[in-house]
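Residue numbers (this note's numbering), protein chains in the order written: chain R, 1 to 111; chain L, 1 to 162.
Don't read these hints as lab results, they were simulated from the structure. Owing to the predicted nature of the structure, the values given are computational and were not obtained by experimental measurement. All residues carry an ideal CB built from backbone N, CA and C; glycine is no exception. Just so you know, not all the hints are guaranteed correct.
[Unchecked claim] Under the rule of at most 25 Å between Cα atoms (straight-line distance), these lysine-lysine pairs were calculated in the DSS-like manner: (1) R:LYS99 with L:LYS158; (2) R:LYS86 with L:LYS104; (3) L:LYS158 with R:LYS69; (4) L:LYS147 with R:LYS86.
[To be verified] Some residues of chain R that are not near chain L, with every Cβ distance over 12 Å (derived): (5) SER22; (6) GLU33; (7) ARG70.
[To be verified] Derived CB-CB ranges, DEER-like: (8) R:VAL105 with L:LYS158: 32 to 42 Å; (9) R:ARG40 with L:GLU122: 39 to 49 Å; (10) L:ILE79 with R:LYS69: 30 to 40 Å; (11) R:VAL67 with L:SER145: 42 to 52 Å; (12) L:THR148 with R:LYS99: 47 to 57 Å.
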Amino acid sequence: MEITTKKFKSCDMVVVNGRIDSSTAPQLTEALEGITGDGRFKIVLDMSDLEYMSSAGFRALLSSQRVCKRYNRGEIVLAVIPERVKEALELAGFTELFKTFDDAVEAVGSF
Amino acid sequence: MIFAFLLYEPPPSADEEAAFSVEMRKSTFDANFHNLDEIREFVGEAARQVGFSEKEIYSIQLAADEASTNIIEHAYAGIENGKIEIDCSIAGDELKIVMRDNGKSFNPSSVPEPNVKADLSERKIGGLGMYLMRKLMDEVSYESSPKTGNALTMIKRKGDAG
Numbered sequence: 001m002e003i004t005t006k007k008f009k010s011c012d013m014v015v016v017n018g019r020i021d022s023s024t025a026p027q028l029t030e031a032l033e034g035i036t037g038d039g040r041f042k043i044v045l046d047m048s049d050l051e052y053m054s055s056a057g058f059r060a061l062l063s064s065q066r067v068c069k070r071y072n073r074g075e076i077v078l079a080v081i082p083e084r085v086k087e088a089l090e091l092a093g094f095t096e097l098f099k100t101f102d103d104a105v106e107a108v109g110s111f
Numbered sequence: 001m002i003f004a005f006l007l008y009e010p011p012p013s014a015d016e017e018a019a020f021s022v023e024m025r026k027s028t029f030d031a032n033f034h035n036l037d038e039i040r041e042f043v044g045e046a047a048r049q050v051g052f053s054e055k056e057i058y059s060i061q062l063a064a065d066e067a068s069t070n071i072i073e074h075a076y077a078g079i080e081n082g083k084i085e086i087d088c089s090i091a092g093d094e095l096k097i098v099m100r101d102n103g104k105s106f107n108p109s110s111v112p113e114p115n116v117k118a119d120l121s122e123r124k125i126g127g128l129g130m131y132l133m134r135k136l137m138d139e140v141s142y143e144s145s146p147k148t149g150n151a152l153t154m155i156k157r158k159g160d161a162g
């Protein structure tokens, strides 16, 4: 898995590429904590090149979403979720916890 | 290492087909998160052979990943050099995956079902792996014996929901 981050004026974007499982989820946590540790809490997760995500990835998203939403200072939104990943997120009830966007630019514009 | 054999006995009735046309793939993996990719690939190949759809293959791979993760995280917690033995048997439209370990056993009914409708603040992640396995597969069962260790069996049939 590869992760790249981009800093915008209104938010940060995290682009994930490849597969997120128990082996790679710590990298996602690290990337998200790097941003929230800087005092930035508005994050777009661009999932367009994500092939796979297990509940280890869901767990990473959940804990960072809690940090971001605290004091209403921000949130993580999910952009361009691949069909299979979306089905699993829905099954776990996770699409209720995150705003989702079909387009990354639109997601950035939401902040 | 993969050990595979094929028994085929045509022309069978449906029952005979289930009994005779069984192919078994067996492999053993070190219980390590770094092997999850290989485990997903191993069960994915068996699923492809049955002719499951891409969606079903993803579901089977996710269920096998969650099961392996639970074994590594819980059964082998504090235990080094654990192994996971995986048998995939293909019979007609059905794939049966048996995952064996020699770690700590657990009582599946003691794992509370997660509330997948809870608010962010109330949401708990524990039990989500087991929940997904039950949702993604048609049958999930677990057996444990001091002699033979733990065995988790998951069955998926082609064309069923999920």
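Each hint tested on the structure:
For the suggested pair LYS99 (chain R) and LYS158 (chain L), the alpha carbons sit about 33 Å apart, so the restraint of at most 25 Å is broken. For the given pair, LYS86 (chain R) sits about 33 Å from LYS104 (chain L) by alpha-carbon distance, which is inconsistent with the 25 Å threshold. Between LYS158 (chain L) and LYS69 (chain R) the alpha-carbon distance is near 41 Å, which puts this suggested pair outside the 25 Å criterion. Among the hinted pairs, LYS147 (chain L) with LYS86 (chain R) is inconsistent with the structure: their alpha-carbon atoms are about 41 Å apart, more than 25 Å.
The Cβ of SER22 (chain R) sits about 4 Å from the closest Cβ of chain L, inside the 12 Å cut-off, so the non-interface label is violated. Listed as a non-interface residue, GLU33 (chain R) keeps its Cβ farther than 12 Å from every Cβ of chain L; the least gap is roughly 17 Å. For ARG70 (chain R), the non-interface assignment is contradicted: its Cβ lies about 10 Å from the closest Cβ of chain L, within the 12 Å cut-off. In this structure the hint that VAL105 (chain R) and LYS158 (chain L) lie 32 to 42 Å apart at CB holds, the actual value being about 40 Å.
The hint said 39 to 49 Å for the Cβ distance between ARG40 (chain R) and GLU122 (chain L), and at roughly 26 Å that hint is violated. Checked against the hint of 30 to 40 Å, the pair ILE79 (chain L) and LYS69 (chain R) passes, with Cβ atoms roughly 37 Å apart. A hinted range of 42 to 52 Å holds for the C-beta pair VAL67 (chain R) and SER145 (chain L), which are about 43 Å apart. Judged by the Cβ atoms, the range 47 to 57 Å given for THR148 (chain L) and LYS99 (chain R) holds: they are separated by roughly 48 Å.
Checked against the numbered hints given earlier, this structure breaks hints 1, 2, 3, 4, 5, 7 and 9; the rest are met.
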